[in-house]
Amino acid sequence: AQSVTQLGSHVSVSEGALVLLRCNYSSSVPPYLFWYVQYPNQGLQLLLKYTSAATLVKGINGFEAEFKKSETSFHLTKPSAHMSDAAEYFCAVISNRDDKIIFGKGTRLHILP
Amino acid sequence: ETGVTQSPTHLIKTRGQQVTLRCSSQSGHNTVSWYQQALGQGPQFIFQYYREEENGRGNFPPRFSGLQFPNYSSELNVNALELDDSALYLCASRVSGTRGETQYFGPGTRLLVL
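The listed protein sequences correspond, in order, to chains A and B. Residue numbers for the first sequence follow my numbering, beginning at 9 and rising by one. Residue numbers for the second sequence follow my numbering, beginning at 553 and rising by one.
The hints are simulated quantities; they were obtained by calculation from the structure and are not laboratory data. Misleading hints may appear alongside valid ones.
Said to hold, decoys possible - Here are some, though not all, of the chain A residues that point toward chain B, as calculated from beta-carbon distances under 10 Å:
1) F42
2) G51
3) K57
4) F111
5) G112
6) G114
Just so it is clear, CB atoms sit at the ideal spot from N, CA and C, and this is done for glycine as well.
Between the sequences and the hints, there should be enough to build the whole structure, so can you do that?
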């Protein structure tokens, strides 16, 4: 069965610093992987998705993620953090059994001035 | 904006009551899924409807039920509410159900059960 594990429930970075949010996946078949962002009191917004076309995926708001099969990882990065990036970030994988989205537990990103 | 709307935004119920949550998908989106997000957790899959038929279900009891209508709207019904049903309920829609297809989430309905 597919699953994702997000390392670190809270991550704090200074404004202008590199953002790195970690996600490892488990899948017996080539996975479809996603990163979603959730701002306070809002729904989920898709940042980017990996569907096997290219290992480096660029998303919205300057975020990107790299699919590394050898490490079973799909870490999310942004070169320079902005105060508006403060939110909850969810890594997710599509179940190959019934196509549901399986979410990680989330990482709350704090941006320090 | 995803084009997916949900109503109401907030709701307070008491234990044992019944609740209906509504979702309006984008035109042309034949597949809708519902998720429950408890506080501090990631969303959990409840069920999915494709062309008005349930075609996938997560680990939720039968008192969680749904409907999908031809006008791209859908409902989530929960009977005999329990305190643990307090959560943010999200719907997500997409066109056809192709694996890996982007799902568009609504803003959610926050349910509090007292």
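Taking the hints in turn, this is what the structure says about them:
no. : hint : in the structure
1   : F42  : holds (8 Å)
2   : G51  : holds (4 Å)
3   : K57  : holds (7 Å)
4   : F111 : holds (3 Å)
5   : G112 : holds (6 Å)
6   : G114 : holds (5 Å)
Comparing the model with each earlier hint shows no violations; every hint is respected.
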